[in-house]
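Please build the complete structure, drawing on both the sequences and the hints.
One letter stands for each residue in the lines below.
Number of protein chains: 2
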Amino acid sequence: MNLEDIAKLAEVSRSTVSRVVNNDPRVSDGVRTRVLRIVAETNYHPNAAARSLATRHNRIFGLLIPQAMNSIFGDPWFPHMIQGCMDGCRNADYSLMLLMESSTDHAAVNRLIERTVRARHLDGLIISSSLKDDVLSHRLARENFPSVVIGRDTDERFSFVDIDNRAAARIATEHLLSHGYRRLAVISGPSTMVTAEDRRLGFLDAVEQSGLDPSVAQSRFGNYQEREAFLQATDLLSSSTPPEAIFVTSDSMAWGVLHAARTLQRNIPNDVAVIGFDGIQQERNQREGLSSIRQPARRLGERAVEMLVDLVSNPGQSPVQEWLPIDLVLDSSCGCPALPRVYGDREFTTPYALPIASQVAAL
Amino acid sequence: MNLEDIAKLAEVSRSTVSRVVNNDPRVSDGVRTRVLRIVAETNYHPNAAARSLATRHNRIFGLLIPQAMNSIFGDPWFPHMIQGCMDGCRNADYSLMLLMESSTDHAAVNRLIERTVRARHLDGLIISSSLKDDVLSHRLARENFPSVVIGRDTDERFSFVDIDNRAAARIATEHLLSHGYRRLAVISGPSTMVTAEDRRLGFLDAVEQSGLDPSVAQSRFGNYQEREAFLQATDLLSSSTPPEAIFVTSDSMAWGVLHAARTLQRNIPNDVAVIGFDGIQQERNQREGLSSIRQPARRLGERAVEMLVDLVSNPGQSPVQEWLPIDLVLDSSCGCPALPRVYGDREFTTPYALPIASQVAAL
DNA sequence: TTGTACGCGTTATCAG
DNA sequence: CTGATAACGCGTACAA
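Heads up: the protein sequence lines correspond to chains E and S, in order.
Under our numbering, think of the first position of the first sequence as 1, with each following residue one higher.
Under our numbering, think of the first position of the second sequence as 1001, with each following residue one higher.
Keep in mind the hints are simulated off the structure, nothing from the lab.
Any given hint might turn out to be false.
Partial list, derived from the structure: chain E residues whose beta carbon lies under 7 Å from chain S [unchecked claim]:
#1 H45
#2 N47
#3 A49
#4 A50
#5 L53
#6 F73
#7 M86
#8 A92
#9 M97
#10 L98
#11 M100
#12 S102
#13 H121
Some chain S residues flagged as far from chain E (calculated, every beta-carbon gap over 10 Å) [as the list claims (entries may be wrong)]:
#14 N1043
#15 N1047
#16 N1058
#17 H1080
#18 K1132
#19 P1190
#20 P1242
#21 E1306
#22 P1315
#23 C1336
Even glycine gets a Cβ: it sits at the ideal position worked out from N, Cα and C.
See below:
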């Protein structure tokens, strides 16, 4: 059943049917309703390939999850972000293709470029989390292929949505300092990830600005997984001068820290305070009482798609960089009263330049 | 850059270039290498839409995650399953399109059918987890559209991969009984999910066969989320006759149970033993010592794609139903020695008919 | 408002 | 082994 068949049944030309199907106003109401009836009766739906061939686009976006994320794909952050992308696609009537390739390996990137850009398989690409030496984004920028990164990209020619990871980390750390903790530690993600490094730097910013001797602040690197953080925390807490507070750059890692503290019979927050990052604890049992930076994972995905839609409809527009607001969710794990309260009616839109006094004072 | 351009540069016809690109043997080596060189030099890649239009297929599979799963999409089972699908697609040179629609709502199903089957957007569909009143699978079967369900489908005309949920649950429960626990409880998923019900029935099978009074076995329904299970477990454990052992039909829920026990100062396994389901604990801190049925989530996804590849290449073949082997992973939470051991060199290929004596005896 | 004619880039058929 | 030529199904100037 194709355009031709419908045209015959409705006794009009193919063009007219095409116009009806594409909501072209230049068709009389009488003809339109007649054609529409036939379309409904025959359950006709235009062939996607033929349409793509003619229009040169196909309403498909790709979502690339770099293969380096393979091991942390299980982190609840991803499902949320993916759902956001799906929301955005549904709203704009796009389909979403899932891609998992390396974004740093040259051969893999070439394969990807061929199959998407050159073969015109995709109208645009969303890259979740860029890596330090991401060769993909440079290639895409050079090819002038519509793409949006979720997470700050180091390439200025690129569009991206992100939260202000560095400011968020600094705020969390300053909050710990406001409780009076002085021996601090951070457990961050791998230094190859831009976002992970930003968070670690934010932690260091706060320590430095507080006037403390930076040497009292210990840095540990995790891999965003609960188990590794458990081991790191066990090590930290077993030392002769254990930290009084630990800033952990993901909730999944923070759970590992909480577990380590339990295992070592340390009280939280009296022996050691903890603040996490992600704010997805509602998934878990809320009684864990984990304080955290809550980032809008789902909204990040949705917004990325919206930006991509913009990009493909206004080709040649200059890259857009956008920061989404976040919340500091305070709970018992950092020493706040157990009843969870939400701070953050203030939006963090300017990276690394946030007057956070109001945040801390609000405590 | 298209076929025509390459043909001119190589001084051959379009047909010949097409043959070279598609590895058709009917072309001389001299011409082939010459064309191949041009192709490489010009970085040519065939247009996907044009190819789809001509061949009437596009090497794209859809992965449908029914919208009812939205709230449990964060369960680590999904990322694993998705990765398996990606593996399978990569191996067979297919792309994977992510779909999240309702599979029970009639309007949504119609939209889906239109956009995939009728518009020929997809070559096949994988449905993760079927629901009790799944209208989608019936429609697909009727349209004769190549599809594979992950999880037993009630429609016999359908192909699916699954584990033997019922037998697995029975084995887990029998293992608890073998430890001497008599007051049992089960916390299962929503009864609208086929797999969740199968697991609950397997639990009941074991109770019944043991000759115990079924009334001592309590059934609770969770939603596959940690928090809900925490609440259910808190309730169970606070009663005057708390269960000695709880079978929980997902690990995420089991963690909620463990947490509830901790909060109520109950010792595991002395006060209450626990066995979970999924076997994804390696993601989490292993010291939680959770015994579990380990199912091959990733392999399920991969196998589903393999079956779908078979289905599209041999159209009209009769539906295939396949069960994948599972393991009973014993740890401290059920009362076994803390050192984790793996049982299950036996493959569970026949549903509901497993001689499990060897399993239990192996303890 | 409607219809005609052509192009989109490949694959497939049929001669040679 | 190679080359015309016809589908594949739709969008769209252009003409009427």
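Status of each hint after checking the structure:
For H45 (chain E), the shortest C-beta to C-beta distance to chain S is roughly 4 Å, which falls under 7 Å, so the interface hint holds. Interface hint at N47 (chain E): satisfied, since its Cβ lies 6 Å from the closest Cβ of chain S, which is below the 7 Å cut-off. Annotation: interface hint on A49 (chain E) holds; nearest CB of chain S at approximately 4 Å, less than 7 Å. Annotation: interface hint on A50 (chain E) holds; nearest CB of chain S at approximately 5 Å, less than 7 Å.
Interface hint at L53 (chain E): satisfied, since its Cβ lies 4 Å from the closest Cβ of chain S, which is below the 7 Å cut-off. For the restraint placing F73 (chain E) at the interface with chain S, the shortest Cβ-Cβ distance is roughly 5 Å, inside the 7 Å limit, so the hint holds. For the restraint placing M86 (chain E) at the interface with chain S, the shortest Cβ-Cβ distance is roughly 5 Å, inside the 7 Å limit, so the hint holds. A distance limit of 7 Å between C-beta atoms decides the matter here; for A92 (chain E) the minimum to chain S is near 14 Å, and the interface restraint is violated.
The criterion of a C-beta within 7 Å of any C-beta in chain S is met by M97 (chain E), whose closest approach is roughly 5 Å, and the hint holds. For L98 (chain E), the shortest C-beta to C-beta distance to chain S is roughly 5 Å, which falls under 7 Å, so the interface hint holds. Interface hint at M100 (chain E): satisfied, since its Cβ lies 5 Å from the closest Cβ of chain S, which is below the 7 Å cut-off. Among the interface hints, the one on S102 (chain E) is violated; its C-beta lies about 12 Å from the nearest C-beta in chain S, farther than the 7 Å criterion.
At about 5 Å, the closest approach between the beta carbon of H121 (chain E) and any beta carbon in chain S falls short of 7 Å, and the interface hint on this residue holds. Remark: the non-interface label on N1043 (chain S) conflicts with the geometry, its nearest Cβ contact in chain E lying 7 Å away (cut-off 10 Å). For N1047 (chain S), the condition that its CB be more than 10 Å from all CB atoms of chain E is violated, with the nearest at approximately 6 Å. A beta-carbon of chain E is positioned within 10 Å of the beta-carbon of N1058 (chain S); the least distance is around 6 Å.
Not every CB of chain E lies more than 10 Å from the CB of H1080 (chain S), the least distance being 7 Å, so the non-interface label is violated. Interface exclusion of K1132 (chain S) from chain E stands, the closest Cβ pair being 23 Å apart, more than 10 Å. The claim that P1190 (chain S) is not at the interface with chain E holds, since no C-beta of that chain comes within 10 Å of its own (minimum 17 Å). Annotated as non-interface, P1242 (chain S) keeps its C-beta farther than 10 Å from every C-beta of chain E; the closest such distance is 19 Å.
At roughly 18 Å, the least C-beta separation between E1306 (chain S) and chain E is larger than 10 Å, which holds for a residue marked as non-interface. Listed as a non-interface residue, P1315 (chain S) keeps its Cβ farther than 10 Å from every Cβ of chain E; the least gap is roughly 19 Å. The Cβ of C1336 (chain S) sits about 20 Å from the closest Cβ of chain E, beyond the 10 Å cut-off, so the non-interface label holds.
Going through the hint list in order, the structure does not satisfy hints 8, 12, 14, 15, 16 and 17.
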